[in-house]
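Top to bottom, those sequences are chains E and C. Residues in the first sequence are numbered from 1 upward in steps of one, following the numbering used here. Residues in the second sequence are numbered from 1 upward in steps of one, following the numbering used here.
If you are wondering where the hints come from, they were derived from the structure by calculation, not from laboratory data. Check each hint, because a few of them may be wrong.
Derived BS3-like pairs (lysine-lysine); straight-line CA-CA distance at most 25 Å [claimed, not checked]: (1) C:Lys132 x E:Lys27; (2) C:Lys29 x C:Lys186; (3) C:Lys132 x C:Lys8; (4) C:Lys8 x C:Lys29; (5) C:Lys296 x E:Lys28.
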Amino acid sequence: MSMNHFSLPRLSVRFVPIWRRHFLVWKKVAATSVIGHIADPMIYLLGLGYGLGSFLPEMGGTSYMMFLAAGTVCYSTMNSASFEALYSGFSRMHEQRTWDAILNTPVTLDDVVLAEILWAASKSLMAGVAVLLVVWLMGMSHTLLSLWSIPLALLVGLCFASIGLIMTALAPSYDFFMYYFTLVITPMMLLCGVFFPVTQLPPLLQEVSAILPLSHAVDIARPLLNGQLPAHVMTHVAVLLLYTVFGFYVSLVLFRRRLSR
Amino acid sequence: MSGVISVKNLHKSYAGQNVINGIDIAINKGECYGLLGPNGAGKTTTLRLMLGLIGPDSGELSLLGHAVPGHAREARLRVGVVPQIDNLDPDFSVAENLLVYGRYFGMADSEIEARMPALLEFANLAHRRDAKIPTLSGGMKRRLTLARALVNDPDIIFLDEPTTGLDPQARHLIWQRLRELTAQGKTLLLTTHFMDEAERLCHRLAILDHGRMIAQDTPRALIAQHIGAQVVEVFGEGAAEWAQQHAGHYAQRHEVSGETAFCYVDDAQPLLAHLHENGELRYLHRPANLEDVFLKLTGREMRE
Chain E
1 MSMNHFSLPR LSVRFVPIWR RHFLVWKKVA ATSVIGHIAD PMIYLLGLGY GLGSFLPEMG
61 GTSYMMFLAA GTVCYSTMNS ASFEALYSGF SRMHEQRTWD AILNTPVTLD DVVLAEILWA
121 ASKSLMAGVA VLLVVWLMGM SHTLLSLWSI PLALLVGLCF ASIGLIMTAL APSYDFFMYY
181 FTLVITPMML LCGVFFPVTQ LPPLLQEVSA ILPLSHAVDI ARPLLNGQLP AHVMTHVAVL
241 LLYTVFGFYV SLVLFRRRLS R
Chain C
1 MSGVISVKNL HKSYAGQNVI NGIDIAINKG ECYGLLGPNG AGKTTTLRLM LGLIGPDSGE
61 LSLLGHAVPG HAREARLRVG VVPQIDNLDP DFSVAENLLV YGRYFGMADS EIEARMPALL
121 EFANLAHRRD AKIPTLSGGM KRRLTLARAL VNDPDIIFLD EPTTGLDPQA RHLIWQRLRE
181 LTAQGKTLLL TTHFMDEAER LCHRLAILDH GRMIAQDTPR ALIAQHIGAQ VVEVFGEGAA
241 EWAQQHAGHY AQRHEVSGET AFCYVDDAQP LLAHLHENGE LRYLHRPANL EDVFLKLTGR
301 EMRE
């Protein structure tokens with residue numbers, strides 16, 4: 001009789017009004033949000049790109065600025081989805097009790113969690129487009145292949161939103177998220193080839209890097225911005241999708257458990 | 001009369017503790033049904049089980065003919081909920097809260113907009129249509145939450161402590177609205193800690209304690225059955241002593257709590273005459289009410 005927390009997600013189109021709700025909230029702060037999306041990568045690109053770049057004539061076969069641009073597309077989208085899934089998601093679930101209100105309607109928790117992931121991924125999409133705009137405006141990349149980094153941003157968003165929601169489901173309070181950012185997101189940024197090639201790492205760390213999702217995103221993004229087709233693109237996409245599915249299922253099970261108490 | 005909510009032999013436990021311990025409830029269409037009980041008695045858990053938000057360990061639940069939790073989604077299409085804790089969207093205006101909530105029921109924006117004036121009118125919020133939620137008073141927020149629960153024109157409305165924390169004016173307005181809803185033929189299921197609220201609004205009510213239903217009837221029948229017609233409260237220094245010596249003689253039943261003796265009587269005249277003669281003790285003569293029933297059945301100890 002008891003509801004099974006481990007049953008597979010039952011998806012329905014009822015996630016759409018929830019996504020629209022998040023979008024309507026976002027629209028009210030859109031101006032500041034867009035400025036943030038553009039300013040953040042610009043500061044990195046200008047600061048690190050010009051500053052560090054002047055000492056490094058070339059990295060991985062391109063200018064350091066270009067090298068960094070590909071990394072920034074990925075880390076910026078990762079950050080967007082992570083912040084949304086953790087802080088904003090927790091606020092909606094716990095602080096504002098938005099989820100409780102929604103769950104009293106014909107919407108189920110499965111719809112709510114799906115909407116969270118899709119919304120966080122939408123934020124990533126915006127972040128990805130913003131970085132790409134900066135890259136274009138700065139005249140760094142002109143190849144049409146770089147447009148593929150837009151769907152990539154969506155995929156990276158789905159992946160990190162799903163994983164991030166596991167933390168949200170486990171979190172007793174906002175403080176808990178510091179661990180995730182310090183122990184997962186920051187190392188990911190440093191180990192996955194955002195600022196320097198993974199080949200510079202000791203072999204053991206290279207192996208760690210190979211299983212982290214951000215590496216796979218960077219391996220797709222970097223050739224794209226340089227006008228090349230990425231190698232093993234299917235493998236990289238499959239890894240990101242696997243993380244997404246894993247994160248969605250595990251977080252859903254944890255949310256079901258948490259909210260049934 | 002037809003049943004719209006049916007609960008049979010419901011059980012639910014958390015971490016080995018029985019929270020709901022074999023409850024049966026049948027609620028008819030158009031009825032206002034109250035769930036009373038001390039904190040932790042299982043009222044909110046019962047509501048959540050009925051809505052299919054949590055699954056029972058055993059027992060049968062049916063809501064508007066749909067088996068719950070299996071078909072809770074279909075059932076909730078026709079249900080409105082006023083939760084205990086406010087969960088309006090603080091980023092939205094009054095009107096946006098209604099619009100966004102209606103969409104969760106699959107309603108078209110035009111459909112919700114068409115209902116909007118009546119809902120705002122019902123909530124006395126027509127003049128605050130574009131106000132932000134943080135600028136509303138507690139009573140306004142409650143009324144908006146009630147209007148939000150009506151956005152889908154539900155057949156049943158669940159209300160979990162709808163007037164907790166409101167001032168008397170705000171409470172009376174909510175009561176008036178709830179009576180209007182019953183007059184329209186809506187079924188109401190409400191939990192409350194206010195006995196006067198339950199007595200005024202509910203056609204029938206159940207008292208829960210430790211996950212069991214310990215009484216169920218109309219307010220009047222419960223009072224008649226458990227208390228009798230009238231109560232004389234005798235209080236002040238010496239009341240306890242007085243009760244020990246005299247109360248048994250004048251009252252069918254009496255009870256001492258702190259410095260007050262509660263005397264339950266069918267005819268208060270002999271007792272009142274005695275107290276008047278005595279002159280030392282202060283007293284209050286009043287009709288028996290639901291609170292007397294509640295305290296008799298659930299005891300006077302604090303539940304914390």
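*Quick check: which numbered hints come out false for this structure?*
3 and 5
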